[in-house]
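Enquirer: Using the sequences provided together with the hints, build the complete structure.
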Amino acid sequence: MPSFQRAARDALANTQQRRNLAHATATIRAKRERVVGEVDRWEDLRVAGAEAKDEALHHLPDYLEQLEANLTARGATVHWARDADEANAIVLGLIRDKGADEVVKVKSMLTQEIELNERLEEAGIHAWETDLAELIVQLGHDRPSHILVPAIHRNRAEIREIFLREMGSVGRPAPKDLTDEPAKLAEAARLHLREKFLRAKVAISGANFAVADTGTLVVVESEGNGRMCLTLPETLISLVGVEKVLPTFADLGPMLQLLPRSSTGERMNPYTSMWTGVTPGDGPQEVHVVLVDNGRSRVLADEVGRQALRCIRCSACLNVCPVYERAGGHAYGSVYPGPIGAVLNPLLRGTGSEVDKSLPYASSLCGACFEACPVRIDIPQLLVHMRTQVVDEASGRSPEALGMKAAAWTFADHRRLETAQRASSLSGRLLGNRTVRSVPGLGAWTQARDVPTPPKETFRQWWRRTHEDES
Amino acid sequence: MSSSQSTPLTGTERTSVLPGTGLTVALFATCFNDTLWPEAPRATVTLLERLGCRVVFPREQTCCGQMFTNTGYADDATPLVRKFVDTFERFDHVVAPSGSCVGSVREQHAMLARRSGDDGLLQAVEQTAPRVRELSELLVDVLGVTDVGAYFPHRTTYHPTCHSLRMLHVGDRPLQLLRAVRGIDLVELPSATECCGFGGTFAVKNADTSIAMGADKARHVRGTGAEVLVAGDNSCLAHIGGVLGRQRSGVRTLHLAQVLASTEEDPA
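In order, the protein sequence lines correspond to chains E and D.
So the first sequence is numbered by the numbering used here: it starts at 24 and just counts up by one.
So the second sequence is numbered by the numbering used here: it starts at 34 and just counts up by one.
These are computed hints drawn from the structure, not numbers from a lab.
As the structure is a computational prediction, the values presented were derived from the model and not from experiment.
Just to be clear, a hint being listed does not mean it is correct.
Claimed, not checked - To be clear about the criterion: a stretch of chain E counts as covered by chain D if any three or more of its residues have a C-beta under 8 angstroms from a C-beta of chain D, and this derived list gives those stretches: (1) 345 to 353; (2) 384 to 392; (3) 411 to 417; (4) 467 to 478.
Each residue gets a CB set at the ideal place from its N, CA and C atoms; glycine is no exception.
Expert: As structure tokens, then:
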């Protein structure tokens, strides 16, 4: 993956995408603000949500064991996966045991993180995404660009084209007279997906929450397609990141208020599905739960960084982020874009690659993300924390690092600063009042901005001249 | 203070005792303002002296370290935290005409001290940092004034900078102060709370995104028809002003301190 800076430059040139994103994020932002404003004690809810997640994270092994015990007691089979390869191998083995060559999927960030669909395709198994936006992305041979609204970068006309062009090659084609009316597009998707729901023997889901004291998994959604997957097929395989665990069923109280208001701007999500093991004669008769680490232990070990594991993937931080709004999701080089992606990806994967080195800098540190986060993740603090890690791991010999060293040396003593200022104000005298349009080494700045002219007299020179006797 | 009495008084003439009487305030000019935008700390001095304060400028001061901290150079920033504390810990009131530098002192110095493992430094930071205030906080919370006797007869719009807004939570203090300015035509800025895209080294490291954000901010400013854009941070103003200047918009940028210091006799 290229660095964020390079990917963002390309994305900024895509004016259609910029318009789509600006429109969509502004709409969700306004909706979220309205419904959050209705709750008198929103701040108390945020604190309760953060505390429930922190309690789970501080005693993670205990709660995971409790979850496993309760799931097993209710007839589910629990598997553990250290990384993406192990998780994918477990899922592939289970599907092969069933003799299936296709699966239906509930929208899941974790399965995208471990690239499950790609691994299944390689093994000859078709994985059909059933969430409307995921379907658009999958049919368009595209990548998701938003956690909650993966096709946010597409408009209705583009979606119509994708449906007409692609649906027929993987199932029921779109009607020839398809228009770009939302109801018509939704109907085409409904008919296309219906035959897949009815045919599939195996379904794959993630989980928004996993309750330790009852062994209950929870998925919240807006369309009901997830519920079709969770109830119709004979076998259900749920992949759950280990950070999804909540200590008690009561902890769902704050979570199910925080999540829909923060994500879709709804007071309550239309569908909340909960399943606890196997119920004979009702729903899937074989339930497998794969508990996946894939870097989460590494994040947990970072005392500052571990708060990122509180994330409930609501994407409120994406919708308020001015950088995300312009650069779009693909620039982040991961299924986790936006402010949370800018910290979560380098925390999960380390800061070795170009993209993970650049992500902590993909923010102006404006703080809007922290304000919007329903579980109070201090994303600006984490961005600075990860920047420090990037710098600490570097050689210290880059032009930037040497410049910083020189500046720090200058600032270490006010007399050095005064000497440096004399050079700066001298250039001010030479330049006079002319506006500076180009400065060597400041190419990026002067591309679209005038540079302020250095003053003829620094503040401290003025102070000396006017207040000398007092200081 | 002789200089405060020799300065002409306007709005505050009605009170017999000036609100800042007996108050000594140490000025943290900030390295950027000191070197590049001295008008802001100068106006801060003029204004505070007009309100009766005794202003001192400890010459040993340099930089709060924000640029280093926010770019990831924590090891380079930590000695500057020590220097800041050494310079300012003896004062009850410290003021700076910069929301982001005050934000860095109040929000990041403790983190740096903790990281360095120096308990003495952490203690000194915890005592000093809460006494460091942004200009509008000092005026409203400590001096208890909103009408500072300023005169500024121009169509003006205000950009609340991110660090003032979300790190310091200055709220509407700057607007309370601006509304009390005589002659001002204060117009609301659309999408005011959205970041202008400066973000320190972000403006250089992510220049394309930064410029896209700055262009939107400049468009909103121009849409108000304001002659003057005011903010409490010169770095944000240099960025937005740089875009406005390149567009030859004719919109002037001024620091909040300059507008509040402006009088009929000495207009900004």
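Enquirer: Determine for every hint whether it applies to the structure shown.
Expert: Results of checking the hints against the structure:
Check on the region 345 to 353 of chain E: 4 of its residues sit with their Cβ under 8 angstroms from a Cβ of chain D, so the three-residue criterion for coverage holds. Only when three residues or more bring their CB closer than 8 angstroms to a CB of chain D does the claim for the region 384 to 392 of chain E stand; here the count is 8, and the claim holds. Remark: the region 411 to 417 of chain E is confirmed as covered by chain D, as 5 of its residues place a Cβ nearer than 8 angstroms to a Cβ of that chain, reaching the required three. Beta-carbon proximity to chain D at under 8 angstroms applies to 10 residues in the region 467 to 478 of chain E; the threshold of 3 is reached and the given coverage holds.
No hint from the list above goes unmet by this structure.
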